[in-house]
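Okay, here's what each chain looks like letter by letter:
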Amino acid sequence: MESVLALRGLVLLRDSVEWEGRSLLKALIKKAALGGEQVHILGCEVSEEEFRAGFDSSINSRLVYYDLFRDPLNWAQTGEALPGGPLGALQAMCERTDPGPVTVALDSLSWLLLRLPCAALCQALCAMSRQHACRGGGPAAEQLCVLGLLHRELHGPGPMGALSSLAQAEVTLSGTAGQASAHMLRRRPRQRPTLETLWFSVLPDLSLDLQGGPPLESQPHPDPHTPQVDPASHLTFNLHLSKREREAKDSLTLPFQFSSEKQQALLRPGPSPATSRIFYEPDAFDDLDPEDPDGDLDV
Amino acid sequence: MAAVATCGTGAGSTGSMVAAGSKNNVTSFQRRGPRASGSDSSYSRLVSIAGTRPSVRNGQLLVSTGLPALDQLLGGGLAVGTVLLIEEDKYNIYSSLLFKYFLAEGIINGHTLLVASAKEDPADILQELPAPLLDDNVKKDFDEDACNHKTAESNIKMKIAWRYQLLPKMEAGPVSSSRFGHYYDVSKKMPQELIEASKWHGFFFPEKSSSTLNIEPCSLTHGYIKLLQFIQNIIYEEGFDGSNPQVKKQKNILRIGIQNLGSPLWGDDLCCTENGNSRSLTKFLYVLRGLLRTSLSACMITMPTHLIQNKAIISRVTNLSDTVVGLESFIGSERETNPLYKDYHGLIHIRQIPRLNNLIYDVSDVKDLAFKLKRKLFTIEWVQDNYLRQERNIYPPGFSYLLKQKDSAWGEGSLQHSTFLMSFLAKGMGFPFFQLKLLLKEGFVLIKKGMLRDDSLRCSHTAI
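Chains as they are written, first to last, in my numbering: chain A, 1 to 299; chain B, 300 to 763.
Hints listed in this document are in silico derivations from the structure and should not be mistaken for laboratory results.
Treat the hints with caution; some may be incorrect.
[Said to hold, decoys possible] Stretch-level coverage of chain A by chain B, calculated; a stretch enters the list once three of its residues show a Cβ under 8 Å from a Cβ in chain B: (1) 28 to 40; (2) 192 to 199.
[To be verified] Estimated spans, in silico, between C-beta atoms of each pair: (3) A:R96 to B:E536: 39 to 45 Å; (4) A:S201 to B:N609: 37 to 43 Å; (5) B:P638 to A:R192: 15 to 21 Å.
[Unchecked claim] Away from chain A, derived, C-beta distances all over 10 Å, residues of chain B: (6) L360; (7) A430; (8) E495; (9) P544; (10) S577; (11) R592; (12) I612.
For each residue, glycine too, the CB sits at the ideal point set by N, CA and C.
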């Protein structure tokens with residue numbers, strides 16, 4: 001998983017009901033803290049005590065925690081809550097970071113997405129990395145990592161698609177038979193996105209344990225065998241004939257081909273003229289004159 | 300045909316291009332240099348702006364999109380005063396490349412640029428433009444790509460018809476002698492001095508907007524209003540619509556490039572919900588088209604239509620744009636494994652071509668178009684080209700083929716032999732070759748193969 005933290009920018013951790021992502025989030029936070037980065041956490045879904053459980057005291061002292069869980073709407077008016085609601089909290093987090101490598105963990109992005117307009121949230125996320133770059137003097141791509149926990153089942157394809165298009169990496173959690181897997185899709189600015197799958201588990205002390213692959217007995221066949229697609233079919237023109245078409249084509253005699261049947265047909269005496277007759281009933285206006293059938297003699 | 304003096308004003312690149320052209324001249328026609336005023340040209344009464352040319356079909360003023368293959372598909376280029384909408388591919392790799400080609404073409408031709416984006420700073424976008432390819436470099440690159448299929452015969456072909464290597468295989472129209480579309484090298488960046496010599500305006504939405512992030516209740520989102528005002532100001536102040544009496548300089552084209560229009564970063568929730576503020580984007584396009592029609596400008600917009608949830612909006616947007624091109628990349632889709640598409644990176648769909656002062660469309664006949672991003676170039680080809688390419692090596696273009704109908708009733712050598720002469724033009728698309736294939740399937744037999752006798756291709760060999 002070192003490769004995940006090596007990537008900066010917006011990282012979406014998409015979890016689901018079966019495969020929760022908070023433990024992975026905490027494991028990544030621990031790694032960042034041990035690596036000497038500043039860590040800021042916006043806690044919205046669980047209480048601070050519950051979130052901090054599992055970290056040892058040295059790490060806990062390094063985490064900067066912004067609590068939106070206890071009093072999100074600031075009813076208590078204690079004055080220590082961050083102004084401006086969740087968006088204001090995001091901006092404040094941004095302003096309080098010092099230049100240098102920073103990891104910001106949003107627990108969870110789903111909570112924010114349900115309460116804020118999606119467009120505003122997207123703009124705020126982009127603004128975070130930009131402002132950090134302005135202050136820090138280094139390119140934001142190297143310095144800031146925003147880990148956002150996103151619950152897949154809560155959102156429709158619209159917001160998910162919008163956030164995916166902004167993210168530099170998406171980690172989708174799933175798994176088989178008790179073994180969790182992370183499918184990581186990484187988008188680099190001008191290159192093709194890469195997809196890799198890692199099997200992992202999070203130990204009780206919040207360190208990551210990477211496994212090579214899923215347990216053997218439950219390894220699913222990756223793909224059913226896809227039949228070879230014939231490139232010459234379903235084109236705008238077709239180069240193949242069906243059996244019926246081929247038979248019809250072979251049995252067709254070309255018009256200028258002088259086959260023996262045609263020859264015989266021409267040589268054979270035709271049907272008697274008696275069989276083809278013209279029947280005509282003269283009507284009142286007809287004036288049939290046997291000597292002048294055309295009626296043009298001026299007599 | 301007298302060519303309009305359309306060479307770009309970039310001094311370094313065009314000077315060497317003209318010099319290279321005269322070195323390899325096999326004809327007595329000389330290209331008019333940029334210094335010639337074209338006073339005796341039949342097009343002198345047209346406005347001759349750098350980087351434009353009139354359309355051969357209806358005289359509409361066209362600018363190049365930066366990709367000569369795409370210019371052909373759009374009927375010669377992008378008409379001045381119209382909008383080209385690019386529907387982005389899923390990971391926005393190739394659409395941003397087309398966007399950069401458009402801007403790079405503007406810099407090479409000396410047009411004024413207006414770059415609007417909500418994601419990246421326009422200055423950063425301009426730093427990453429591809430470098431232009433000069434004439435002799437182009438020939439070398441094409442030869443590199445063609446060397447995989449080199450046989451003795453095609454060697455001859457390349458020596459004689461050297462010029463056709465400069466054309467992409469898609470070109471079906473007449474060869475344009477002046478530099479209307481340029482080729483770019485994606486692996487290199489545009490030189491800094493060209494960018495600094497160009498005139499450009501940037502609109503970066505997060506900087507221009509006020510710091511409040513609340514949604515305003517009016518029908519046009521805040522970002523679009525600001526962008527329209529910015530565009531209108533630039534058009535008026537720099538005199539692109541001729542209404543400003545203080546500006547009295549030579550006419551130029553304004554190239555407007557808007558990136559990721561409709562994404563949430565512009566403040567539009569079109570991509571996020573189905574029932575959002577759906578009028579905003581369509582109103583923006585309507586007003587934008589009005590601004591463009593009354594000024595000498597051309598606009599390219601890239602839009603992530605794959606994110607738009609309400610499909611009716613996509614059709615409305617298509618109707619409000621003039622030219623619509625859709626990109627579909629194969630990354631992550633099941634088409635990646637299809638052997639028909641194995642050499643390509645995606646499909647390109649020409650969804651709409653405008654009817655400007657015209658009753659008929661200008662659409663090319665080819666429907667299955669695919670693109671590929673090679674190391675240096677972006678190419679567009681007919682999909683079946685690849686499939687038929689190995690067969691085309693058996694029946695290469697540039698030759699004529701004499702076929703005879705099998706089982707013909709008349710004897711060999713008689714005058715009534717039913718014979719067909721198929722001659723393939725060197726720049727042939729798949730179709731003439733396809734006719735040969737069909738005839739062979741129908742029972743015609745190949746008798747003889749000979750060199751093409753066709754003076755227009757500058758081959759001086761005798762026929763069969």
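> Non-interface claim for B:P544: all C-beta distances to chain A beyond 10 Å?
Replying inline: Non-interface label stands for B:P544: nearest chain A Cβ at 40 Å, farther than 10 Å.
> Is B:A430 truly not at the interface, in the sense that its beta carbon sits beyond 10 Å from all beta carbons of chain A?
Replying inline: 15 Å, holds
> Beyond 10 Å from chain A, beta-carbon-wise, is B:L360?
Replying inline: It holds; B:L360 is separated from chain A by about 33 Å at its closest Cβ, greater than 10 Å.
>> The hint says 39 to 45 Å between A:R96 and B:E536; measuring C-beta to C-beta, is that right?
In response: Given about 41 Å between the Cβ atoms, the range holds.
> Per the stated criterion, does the least C-beta distance between B:I612 and chain A lie above 10 Å, as a non-interface residue requires?
Replying inline: 12 Å, holds
> Do three or more residues from the region 192 to 199 of chain A put their C-beta atoms closer than 8 Å to C-beta atoms of chain B?
Replying inline: holds (count 3)
>> Can you tell me whether the CB distance of B:P638 to A:R192 sits inside 15 to 21 Å?
In response: 20 Å, holds
> Taking 10 Å as the cut and beta carbons as the points, is B:S577 off the interface with chain A?
Replying inline: B:S577 is indeed farther than 10 Å from all Cβ atoms of chain A, at 13 Å.
> For B:R592, is the shortest beta carbon distance to chain A beyond 10 Å?
Replying inline: Answer for B:R592: holds, closest chain A Cβ roughly 30 Å.
>> Does the beta carbon distance between A:S201 and B:N609 stay inside 37 to 43 Å, or does it fall outside?
In response: 42 Å, holds
> Just checking, B:E495 versus chain A, shortest CB gap more than 10 Å?
Replying inline: 22 Å, holds
> Within the region 28 to 40 of chain A, is the number of residues with a Cβ closer than 8 Å to a Cβ of chain B three or more?
Replying inline: Per the Cβ count (0), the hint is violated.
Figure legend: structure checked against the earlier numbered hints; the only hint not met is number 1.
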